[in-house]
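Got chain A sorted already, so can you dock chains B, C and D onto it with the hints?
4 protein chains.
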Amino acid sequence: MYDLIIHNGQIVSTSHVSSPDTWIGIQDEKIVCIQAGPLPHDASKRYIDAKGAYITPGGIDTHVHLQQLQVAPGDDTGDTFESGTRSAIAGGTTTIIAFANQQRHDKSLYPLVEEYHRRASKDGTWCDYGFHVILTNPTKAILDEEIPVLFEKEGISSIKVYMTYEARRVGDRDMLEIMLRTRKLGMTLMIHAENDDMVQLVIDHLRDNDLTEPHHHAIARTPLAEAEATNRAICLSNLVSSPILIVHVSSSAAMSRIRTAQNDLQPIFAETCPQYLLMLADAMRSSGHGGCGCSHSAEEKAEDDGFEGAKLICSPPLRESKDDLDAVWKGMINGTVTTFSSDHCPSAFDHPKGKKKGLESGKADFTKVPNGLPGVETRLPLLMTYGVEKERITVQRFVEVTSTQPAHLYGLQHRKGSIAPGMDADIVIWFPNGTIQEEISNDKLHHSIDYTPFEGFQATNWPR
Amino acid sequence: MYDLIIHNGQIVSTSHVSSPDTWIGIQDEKIVCIQAGPLPHDASKRYIDAKGAYITPGGIDTHVHLQQLQVAPGDDTGDTFESGTRSAIAGGTTTIIAFANQQRHDKSLYPLVEEYHRRASKDGTWCDYGFHVILTNPTKAILDEEIPVLFEKEGISSIKVYMTYEARRVGDRDMLEIMLRTRKLGMTLMIHAENDDMVQLVIDHLRDNDLTEPHHHAIARTPLAEAEATNRAICLSNLVSSPILIVHVSSSAAMSRIRTAQNDLQPIFAETCPQYLLMLADAMRSSGHGGCGCSHSAEEKAEDDGFEGAKLICSPPLRESKDDLDAVWKGMINGTVTTFSSDHCPSAFDHPKGKKKGLESGKADFTKVPNGLPGVETRLPLLMTYGVEKERITVQRFVEVTSTQPAHLYGLQHRKGSIAPGMDADIVIWFPNGTIQEEISNDKLHHSIDYTPFEGFQATNWPR
Amino acid sequence: MYDLIIHNGQIVSTSHVSSPDTWIGIQDEKIVCIQAGPLPHDASKRYIDAKGAYITPGGIDTHVHLQQLQVAPGDDTGDTFESGTRSAIAGGTTTIIAFANQQRHDKSLYPLVEEYHRRASKDGTWCDYGFHVILTNPTKAILDEEIPVLFEKEGISSIKVYMTYEARRVGDRDMLEIMLRTRKLGMTLMIHAENDDMVQLVIDHLRDNDLTEPHHHAIARTPLAEAEATNRAICLSNLVSSPILIVHVSSSAAMSRIRTAQNDLQPIFAETCPQYLLMLADAMRSSGHGGCGCSHSAEEKAEDDGFEGAKLICSPPLRESKDDLDAVWKGMINGTVTTFSSDHCPSAFDHPKGKKKGLESGKADFTKVPNGLPGVETRLPLLMTYGVEKERITVQRFVEVTSTQPAHLYGLQHRKGSIAPGMDADIVIWFPNGTIQEEISNDKLHHSIDYTPFEGFQATNWPR
Amino acid sequence: MYDLIIHNGQIVSTSHVSSPDTWIGIQDEKIVCIQAGPLPHDASKRYIDAKGAYITPGGIDTHVHLQQLQVAPGDDTGDTFESGTRSAIAGGTTTIIAFANQQRHDKSLYPLVEEYHRRASKDGTWCDYGFHVILTNPTKAILDEEIPVLFEKEGISSIKVYMTYEARRVGDRDMLEIMLRTRKLGMTLMIHAENDDMVQLVIDHLRDNDLTEPHHHAIARTPLAEAEATNRAICLSNLVSSPILIVHVSSSAAMSRIRTAQNDLQPIFAETCPQYLLMLADAMRSSGHGGCGCSHSAEEKAEDDGFEGAKLICSPPLRESKDDLDAVWKGMINGTVTTFSSDHCPSAFDHPKGKKKGLESGKADFTKVPNGLPGVETRLPLLMTYGVEKERITVQRFVEVTSTQPAHLYGLQHRKGSIAPGMDADIVIWFPNGTIQEEISNDKLHHSIDYTPFEGFQATNWPR
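Residue numbers (full-length UniProt numbering), protein chains in the order written: chain A, 1 to 464; chain B, 1 to 464; chain C, 1 to 464; chain D, 1 to 464.
Looking at chain A on its own, in the form it has when it is part of the complex:
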């Protein structure tokens, strides 16, 4: 009757943890039956014993950059769809949503989406995937003709825009026009909220003063720039009553602004990522390792080529103040955060074609180093360890932000995000706290990147 039976685990939903003798029957990659106590025996079935384990719905990572088309030829140095999804599945993530990014000169999205499908299917993927479209030039034709087609025919349920980066930022009017369409179609609009002019002013002043070491990145992209843009995005959304998701919220001011909007019943959602819960800007100063506290020998430090800090450059940056980190945790706990993603945006530092961009001068320059961290594999173990097992959040809340709510945000709730009869059999098994005591190490990860920003962090649990 069932292809697979998982027996004696505790199924976790956003509000319930089932009794420890729960059996799950799976057939044709769908969950068919959940029962208290044994399902009828059948010798031909495959069994997995989950005795003593939590069973959570498969992780959904909705913020993953893979094989994106870049401006410069040498940019494609990170994960492929194959290596990225391999890494995802190894970390308990069974669905990813990656980005198909429009260049300013692209007149149509169709060839773009086609190209991304080609890239994804080339070497196969290890887990389910979908696409967001990044708009940088939202022409009327794209908005009125192409987006509805992509939404209905291609299942593309989300658009992303940037309020920062010279090559990508869109103005307020464009954002409003996009919001009018996403609202109408029921799509999710993701917004990278940083005020570009504020950031650029500071960068220019820093560069004029030759202050370009990696840790100045945190000064350049001040929390004020995130707060301003977040408020602006919320006001724009408010004008046209259109739901938006502020991605990778990293500061107290932005989080608090979002909470106020949510309290007032505005449809504002928030995403955050492991790096904003676990690391501070200080980590960019030293030889890295993200404040994990592990010690380095004098020898190691001498060998340090100055790029350890640069590896932690992402945008928004790791914040300087612990108040920001605490506020992100608070948002994680009190419900402000809707979804928890990795913002996996990897660049290998020792690239076959030569050393990384930004190292040319022999000195890491934050204005040249590519932004972004790898993290699709470590996302769930880190939140399970630092969130659930350190008793900051419940395991139900873990399920909510890593799977159930992401599924709702992106229109997948009828197939994914819950363990229930009729749903996809995307299942993760977590054995209890304490059975694992190890440090995260890039050696054990499955991406094709030569470092992890979380090297040396604890992982007291890991999905089976």
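Any given hint might turn out to be false.
If chains are identical, the list can't say which one is meant, so a pair holds when it fits in one copy or spans any two.
In silico BS3-like pairs for lysine-lysine, Cα to Cα no more than 25 angstroms straight-line [claimed, not checked]:
1. 390 x 184
2. 184 x 153
3. 153 x 140
4. 51 x 30
5. 51 x 390
6. 30 x 153
Hints are computed from structural coordinates only; laboratory data are not their basis.
Positioned in the frame of chain A, the structure of chains B, C and D alone reads:
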């Protein structure tokens, strides 16, 4: 294999609505199996066809006053445990928690609890029940010796205190001492938060000026008194880090104070009731009917004995400003409200022993009329109608505040509050919106009270 | 010894009202002596008897548009420096600061300032005056070379920028660059804060639907656009620690955001104007008269050419909600408002060269009607009447917002803004409440405009 | 013509600093004339040269405890009216308001006030004085009969109540009844806002654990207790629309709550004191000296009898967190603070009758040490030094909080609080910053107390 099968309904949890072909197998009053598609046929089973219906976990009403010991002899005019639970079950509520109230002179709680058990078991009950203990004189012996025993032996998981009513109010120091114990044991402390001195000052001034018609009740118990006491309770809780539940929140100021505390991760929970979502103080002025909009003939008005308004007297009162009502809805929607109860506190107005207290003078005097409304039966249909079917809240949120979260608050989450294998088979079936179009009428209710405050309100759905 | 003696008045400062027998001795247009009781008698002096009157420092109106260079040739239809200052002095204003506005193509400010001096001196002025410079194209040369010169040589102590209007708006980066200079020099930066993209989106939609009657102006320039831009300006200021003045604050959201910044010790100042205290958008619907409540005969209404509403078009617009008006009063009372100006920006409606722009189609179109109201003369009498005499504010606060604080904001505090020995003899005498009971009427005003938006409003006091 | 001329100083008001050549003519202890430039010469006059100096109105210290009737006989160990006012005048304070405190058993206030007048007049005073009445038992007779008499006949313009201290606290109902009277008469109601039950709970727990060293005082009287009581007082005031002054505000939460009320136009005033701007609780741990940073030799430490910390015990206590201190400064700067007083409440530690109460056991016990610090003399120099000369506040704001606003609060504005013709000649001269560079030392002070909590603090200015 199963005693009962409910087939083809959509099970609702706090975050998921199952596919429409879901079958539930029940055995020995427990849910045993949930399956997408048919369970094995067996001629001896009882079947319920739920095709097209929502299936929600049984309602838990945690604020119900039944047969309470009163000061004066003529007070016991409301529902018995028998009639109250009959009314509950007819409205989709499968578990109630009633109150065992200490009088100031009671030196021990044991006889009290025993007496309440006697009362509840005398004529039987139609649904599950439990008790909260109301403390008015928390002696050291009660706190240190009796409460732990009642918690562990009698399953009493909650205490209630009043900050108002001369005969019941406890001081800040007593509240702190109680909080220290509830925190230690993991009990829930329910607080009726109104500043009694503020209320009494206004009542005295109104009485001095002969302003005692029912609608002055709303002026006497100003939202300011609720806001002050709510803040005080939160500060006291904060001092000793003890979780509390503010019951029947009725005003914008109190709701907003609670939200702030929740945002700051303080363990403050909120309850509200149908009357604070659906009626304003104005309804106490006229011949009543709670603002339902139904018309009354001149004849009816002439016959009005002045008591229609008095029937709506409860504490906190119906509020004068629509802002307060809107704020309670906002709290219901944005997550501030943890639990939705009836505060069923009935008094029959035409009592066998004579007309109601407060009518002696031939004129309804709000300072004498007993406070409290009946509502255990109408609670769920009203929230389904005015919340879910008017699209203010999702059906998942309905389940959250009427069942799942109440179960968690009172330690019942391992047996009640979710539809999952292993849980009690407390199940409510709701056929879709629009199949019913009727007005609530006391004729159709099952309590032993001669009115409902919700007479004439719509009910577009009713549990089967 | 003295050229002029004012005797037996009560001098008002921001915190003190002097005893009623105060004598002021003036010489060479300076206040020389203040004495309790008579100054030595001298037959040659000029005496003014102020018995029973308040004596306030001369009004300073820091937001006055006069004879501005416009884009289109027919635009110069309002007051000249001569008629504008005549109107000012007749309303108790002894100093105005007008605008010298850069056009986008102006490469230098020098000819501009020269031209404005020429205009102001052409026919003489009735009171003191100064200039702000409006920047629309802040080139490096202008910022680094010209502005310091204008500040030091020409006494230009303030710059204004617009965040709205296609022809004038400057971007965030330009605002930041300007702020860096104004901070360094100690100049005041005035900001017209409305998000242009938000406004334009609504205008485009209204125009597409042919909704261009005057009252739609209030919908087009939503409070949200003001709130967004105000927050952005405050964030930009915060980044570079530069003081700014948000001009003509008209909404609750903007006022509240400014208050928060002030509470946090950020150097954010606020200006408001009579129209935002006294009129609502509804006045643009009818035949006008600003909600003063005066009645109009059917005949008058029949004759109405549809332009009464158009006369009230200003930006930000009169607000639709009384909450906004109340919030502006609140800011006036609680100290948020730093300065109270007229934003005198007059356009005669029956212009010699033909009917007003916007009337071409025979139907007033808010997208074409010039924005701005005349008000330099009515500013002080309106605040004295509706503020002081209706007991919303004290007469000390009146002095603070109409004279003392404006003097400080624009670097005039050593000569103006207080009645004290050594200061300019800019003095206004107000006889007590109730001695005048009349309605404002354009007949009695001294500007060269053919209407006042405050026609029919009460003035229970008027400066002598 | 004048008895005294002060020439060439700069008179400071709340909004103006006069030109440096200002002459003041004084006659019969009243300011008669203020002139820019010389007053007519007359050989008989007394002259004071104030060249280069600021001239401020005499300080008004409205929170001074002198020779209060105490419960226990040995309590009268502090300053007399003679020594207290001598100390006041030496520090630039020309008016004090002291307390006449009702004991619970006092049936009438008349003998009480008489007794205080006797005490004050016994040895004479060096400056003007008045009384507040402290109510601990506000009987109807006192409220309705005596208070109006004392207000009209005795010029007692203020009442004080305590929300803490077993012997003094009054309940909410009593506060409301008092507020109704103070509002009617226009008196100021001063409130010491700390929740006594919260404080007592913590004290009991600390005492049970033998944690009674001085610095535990700061833990016992937590900011939460101040925040709760402050909110409650504001709610009570709000109910009856009665102005109140929250005295000695010491924490961020209380200050912020007051600001919110002020923003909403509620008549809530705030007082703070030097100790809450300049010292943290940590100073109670060590051998004292208030965090002034001066070093102590090992010898000094060995000789320390443990009482240095005890000398800093006041209520509310010095706060543990710098956030609180910063918030008090913020309130001082942004206008929340209405008045700045000393709360001079002195107790000599080496009393002639034997060592201080609280030392009996040989160990300082915070639960026994009398609360209160001496400070009437150091109040103005400290604010001038740490406020004005460190550029936190302007000298105008200094005048506002030390003189002008206190005069208004207590009905003295027609005689005191400003330097203007007709006012009392209460004048303080401050020579410029930097002419003095010394440390405060008890040797130089004029009270009869054997220590100052500000020993070693800087005073870069001192009144002449």
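Here is what the structure says about each hint:
| no. | hint | in the structure |
| --- | --- | --- |
| 1 | 390 x 184 | between (42 angstroms within a copy, 21 angstroms between copies) |
| 2 | 184 x 153 | within (16 angstroms within a copy, 57 angstroms between copies) |
| 3 | 153 x 140 | within (19 angstroms within a copy, 51 angstroms between copies) |
| 4 | 51 x 30 | both (21 angstroms within a copy, 22 angstroms between copies) |
| 5 | 51 x 390 | within (22 angstroms within a copy, 44 angstroms between copies) |
| 6 | 30 x 153 | within (24 angstroms within a copy, 44 angstroms between copies) |
In summary, this structure violates none of the numbered hints.
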